[in-house]
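Position chain R relative to chain Y; hints supplied.
Here is what each chain is made of, one letter per residue.
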Amino acid sequence: QKEVEQNSGPLSVPEGAIASLNCTYSDRVSQSFFWYRQYSGKSPELIMSIYSNGDKEDGRFTAQLNKASQYVSLLIRDSQPSDSATYLCAVNIVNAGGTSYGKLTFGQGTILTVHP
Amino acid sequence: DAGVTQSPTHLIKTRGQHVTLRCSPISGHKSVSWYQQVLGQGPQFIFQYYEKEERGRGNFPDRFSARQFPNYSSELNVNALLLGDSALYLCASSLRRENTEAFFGQGTRLTVV
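Just so you know, the sequences run in chain order Y and R.
Residue numbering for the first sequence follows the numbering used here, beginning at 1 and increasing consecutively.
Residue numbering for the second sequence follows the numbering used here, beginning at 1 and increasing consecutively.
Isolated chain R, as found in the complex:
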């Protein structure tokens, strides 16, 4: 079975631009969460979506938004990019709303210049 897949793997954007990151969860998993990981730190929670509804939001500005589609895939959108948004963006899927076990995709490395 395929694991969590994310696209693209790498991305370079200019300050002020907008970016969309995509994630397909493990087949049968209904929960998708997004995390931001900057170098030297652990991942920081951005959003969780379960059954197409937002179930949790971390301490990120409104420039960050997300959605989940009927097939449980998800998009993370970031508007008005700042240099500080440069990070590894990770998508994790889990079977249920409560995070029993979460499995990460390979991540999208976003560089803002």
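Isolated chain Y (complex conformation):
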């Protein structure tokens, strides 16, 4: 079982629709969760971070975290063609000693295409 799993897609939505991206993780004690956007040929760009259960909204983006279900999601409202990219879910996995350090574990990414 992969530590962080995402549906690779591609996910295709029409312009103006809500895009829903999902991610599950295996480590119950993970504490920090991130969404990155990566355009083709570019590096990942941090768009959302979430640390506690519930929703966190930032503009058109909403991150949702459910630690009991080990599930984190990203909603993009009013999707635009410029949102077309690969979205990477990243989790700060706690190591065997129970401490957290700088390692992020990424899913393989979900390719999102927003068509006009």
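If you are wondering where the hints come from, they were derived from the structure by calculation, not from laboratory data.
Quantities reported herein were computed from a predicted structural model and do not represent experimental measurements.
Note that the Cβ used here is the ideal one computed from N, Cα and C, for glycine as well.
Hints are supplied without guarantee of correctness; some may be wrong.
To be verified - Rough simulated footprint, nothing fancy, chain R against chain Y, three-plus residues with beta-carbon under 8 Å:
1) 15 to 26
2) 63 to 70
Said to hold, decoys possible - Far from chain Y, some chain R residues (derived; all Cβ distances over 12 Å):
3) 4
4) 11
5) 28
6) 41
7) 42
8) 62
9) 64
10) 73
11) 79
12) 92
Only chain R this time, still in chain Y's reference frame:
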């Protein structure tokens, strides 16, 4: 403020050669992490350095090494290059040892021929 900067942006090397990649973190950030990203996959953790000490290491062979300098910049070294080392190498900086938020540089595209 400048973001994370990496050099070079592109590099072509021959099998068996050695390569050094460089990274300057965001001003004030003391943690630097290195990742390898092959096409179609998410980045894979290689190293984290914080306050000039190695704080974490991923599942990479000993051919991979790194260090952090007093100004918090970092180098990633790869010896005896293999074709499979061809990838995008990403440097990320964050403020603290625990990865609250990590910001990536533009990456170095390494091609081994």
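Quick rundown of the hints versus the structure:
Residue count for the stretch 15 to 26 of chain Y with a Cβ under 8 Å from a Cβ of chain R: 0. That is fewer than the three needed, and the coverage hint is violated. Check result for the stretch 63 to 70 of chain Y against chain R: violated, 0 residues qualifying (beta carbon to beta carbon below 8 Å, three or more required). Once the 12 Å rule is applied to beta carbons, residue 4(R) is inconsistent with being away from chain Y; the minimum gap is 9 Å. With 12 Å as the threshold on Cβ separation, the claim that residue 11(R) sits away from chain Y holds: the shortest Cβ distance comes to roughly 15 Å.
Every beta carbon of chain Y lies more than 12 Å from that of residue 28(R), the smallest distance being close to 16 Å; the non-interface claim holds. Residue 41(R), annotated as away from the interface, has a beta carbon of chain Y within 12 Å; the closest lies near 5 Å. Under the 12 Å C-beta cut-off, the non-interface status given to residue 42(R) relative to chain Y is violated; the minimum distance is some 3 Å. The beta carbon of residue 62(R) sits about 18 Å from the closest Cβ of chain Y, which is more than 12 Å, so the claim that it is off the interface holds.
At the 12 Å boundary, the C-beta of residue 64(R) stays outside the reach of chain Y, the nearest C-beta of that chain being 15 Å off. The claim that residue 73(R) is not at the interface with chain Y holds, since no C-beta of that chain comes within 12 Å of its own (minimum 16 Å). Every CB of chain Y is more than 12 Å from the CB of residue 79(R) (nearest about 23 Å), matching its label as outside the interface. With a cut of 12 Å on Cβ distances, residue 92(R) falls inside the contact zone with chain Y, its closest approach being about 8 Å.
Of the numbered hints given earlier, the model fails hints 1, 2, 3, 6, 7, 12; all others are met.
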